[in-house]
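Protein chains in written order, with our numbering: chain A, 172 to 575; chain B, 724 to 920.
Worth flagging that the hints you see were computed from the coordinates, not collected in a lab.
Heads up, none of these hints are tricks.
Below, in silico cross-link-like pairs of lysine-lysine (BS3-like), each with a Cα-Cα straight-line distance of 25 angstroms or less:
hint, chain 1, residue 1, chain 2, residue 2
1, A, 210, B, 757
2, B, 788, A, 470
3, B, 788, A, 175
4, B, 893, B, 849
5, A, 486, A, 470
6, B, 893, B, 858
So the chains spell out like this:
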Amino acid sequence: MSKKLIDSGNNAAAMAVQLAEAEVIAAYPITPQTPLTEKLSEVIAAGKMDAEYVAVESEHSALAVCIGAASAGSRAFTATSSNGLLYMSEQLHWAAGSRLPLVMCVVNRGIGAPWSVWNDHQDAMSQRDAGWIQIFAKDHQEIVDMTLKAFRLAELVHIPVMVNYDGYYLSHTYMPFELPEAKAVQEFLPPYDYAHTLDPEKPESLNTVTLPYARLDINGVKRPGYMDIRHNLHQEMRLAMEVWEEIDADYAQRFGRGGAPILDPYCCDDADFVVVAMGSIANQFHVVVDRLREEEGLKVGVLALQIYRPFPTAKIAEALQNAKGVMVYEKGLSYGNQGALYADLKSALYPYPNRPQLHNFIVGLGGRDIPTEDLFQTLKTACLNGDRNSPEQADTPQWIGLQL
Amino acid sequence: MQENPQQMTQIRWYGRGGQGAITAAKVVAEATFKSGYGGVVMAPTFGTERRGAPVSTSLKISREKIYDLSPIRFPDIVVVLDYLILNEVDVTVGLKPGGLLIINSPRPLSDHQFPDFRVAVANVTKLGIEAGLRKGIVNSGIIGALGKAGGLVDIEMLSECIAAEFVGRKPQENAKAAQLVYAATQICEPSTGAANA
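So that you can see chain B by itself, here it is in the shape it has in the complex (with noise of 0.2 angstroms):
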């Protein structure tokens, strides 16, 4: 963060085709900005995308207004919606060190072995259902990962954006997938190899 004159938060987020992670991120943007955050920039890589290929966005966080709108490559936090994407692309290219890296991921946290960051992992796409969501909905549910692990906005606030934005697409179940998300999240800190939640 040093580097950043700004004090800005980097968030990568990767997801596939028609999954959601563009809705997620927009959620998240929504939710900074009525917490007060001045610069919030969601900025979605357009690509020749094809429903189920991996595609990425950005969304940048700061107090101050944002003007560099360029493609994030120095991430604080990457997200993931997919844990098989880990094999297609190198999610943590540019991660600095410490950075946080969450995972929907049906594996236990010791399965996902990254020393240098810290790992957050949920199996959002199981917790979903349990809302009572359709089975792989889980745009809704990985923000709760966000939430728990990123401390940057509380879970209040991203529960209400996330009912406001799936007005009439069952808003009250994407919010509960976040909160179950939430309580589920466990965290592996850098090098420490234990959970801690």
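Okay, chain A solo, but in the shape it has when bound (with noise of 0.2 angstroms):
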């Protein structure tokens, strides 16, 4: 049976990761991840679940023990936030490339200089190009049952998978959710099985030095070059977002959960107006998309964007045909530019026929309130006015709620 419960979303997190079975779990504590890595600590020196953990003077060593643990034929687990991800991120480039399917949730927290404790997503975006598939997820449901499928992802497409959700907002937050039971899980998620796994019985060079070109092995088989390895983790990787579908379809017939594994659309099927955003935030837009239909008549919906690598380009395209416009509210930029994601929706719009006016809000840096009032003036503004700004000015991300 599967059993309803209320806990915070680390604790979710956790859960989760034993459900999974993991075996191996090496962290190094971060606000706001700790409770996550001290709930896995505490329930294996209980007992309650059969894994090594091994405590790391620091980041870099926790992924370097996963991709030791992983390349060993081992399930491997760990989690981290802001200047925690950045620290390991030689080794985040390293598990990509070897293509180790670990999974790591990364509790999302603004990165310093100067130190902050609070949510944004500068972390997970500033790894956006590591070779990771990056999914965010909404509530503690989503925590859940995006980690148990990501294991299923990483490790069927040999990329690593990084879970995504808010700090504090998600992390230490209380809220119901649905735990499915051990069993079915154990059937969703099959061992770990590694055709690569070290074994002194079958030695292989793995991650050497790769050159330019590519090369006969010595068993006179044709082996690919750098150049090809990276086209192969790019192709691969834009392949798996069906492997995502179809393990989302398979969730959903096993636990009744699932149905939106890339968009998550609310209010868009009539909508002349979408918003585009990742993690909680998307959630919070429910509540204005409900008051601007009733209060303002504007037919307005937001579409949540579940998985941000690989971009699901010509999906998010076709989903936004019918909008007049469209708003990305995002917690990170690249900063000289724009917003990460805005950037990436308007490359993908670009080839299509109906190009929506765009506009990019940044929001919530360093876990700055994002109280909904705002969220609601702004997107009002955005709609009502909209067209009215020169092609400059609309480009132009709009910060919400500076204090200068």
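From the two separate chains plus the hints, produce the assembled complex.
Listed below in structure tokens is the structure:
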């Protein structure tokens, strides 16, 4: 029997990792991720989870241990936040390049300097091009479901998966969710079986200096060069999107939840204006959309982006073909340009016939309050006056809630 | 409440760092969830807390799933674990007219004049000691005042959830503290000035 309970987002993640029967967990505590790894070390110490907990001295080592564990054929997990994620950046690229099926929760937090322990998405954004699949949860239920699905995805496509959820908004907030039964999860997620498990009886040479060109190996088989390997990672990550959809469909059949693995629309069918956002703020927009429809008669919807890398280029462009205006609200940016999500979305729309008016809002950096009223007012203004701006004005990000 | 399409009850809690306001809110979250509320969100506000400094947490309760996790701006209920916080923080900011203000205070109800609000007062600190708790443990007791004045969950469910939360840490005494406070809480309706309990 599945069970319904109320707990924090960090505990929800820990329970999912326990259900996934991860065998090696290596982590270094960092706010707001700490309670997640504390919980895992607790259940392992209490003998409730058969796994090795490796208390490392840094995030770099945390991911290095996971890389070693996965190479040795064990299901491995780590979690971090903010500067901790940045400290493991080199290993992030290594894990992706090695095609190891790791799963990591990133409890999103602003990056220092200056120090902030509060939420934004800059940590995940800064690792956008590391070769990891990046998914974003909106609530505790999605933390549980996405984490379980992430293990299966990683192990099927041999690409590591980063499960992102908002620091504090989700990590420390108590909310109800449903936890599937262990046996059902075992059926959904078969044991990790790695084709290249390190084995002294079967030596292999892995990730050595790889020449710029393809060449024959000792058996006379043509092996890819560095560029070919990169091309394959890219192509297979693009294809991972379909695998993710299949996994979601299977999960939905087994557990009764799913159906929106890539885009999760709310009131988008007839919408003239669509908000695009990732993480818990997309749920906050439900309330704003309801009010704008009721009080202002504006046909507004919100489209939550559930997977950021690979970017669902065609799917999102097609989903926005009937919109007059699209408003991207995001908690991070590419300094000196625009929001990263906004730029990605704009690029996705370019080849399509209908390119709606686009607006970029930067919101909630370093935990700056995101009053629902501010979302309501800025969205309303963008809907009503959005087309009055010059192209350059329209393309310039607007900062919400600045206190300059 | 008519402002609120979801028919949500929003409770803001004030305590001092280390006093257990978050645990108290968590217990009430658990109890309301078990009583059939499908939407329960307990979101602590994290700042740079020190032991003893005022801290707050948000608890939103609704029959339906809650999508808005932003901090409470217009609470229906404000719970204050230490009456001296009233001197440091404007706890009633945003409290809706006729809203409920619950205070742990050694002073009589008449000393806490808030004509716009329903005010509920109990000496939770004293009753905690009577229940067998160490002096200063108030986070279990204050739940009894919310049970009495808030009318969201019955005291039996609250007691059960308190005992479960405080397993290994005097669960029965903590539950008893809430029951004693439940019985002793005095309530003053807005603008009437008279205690009715």
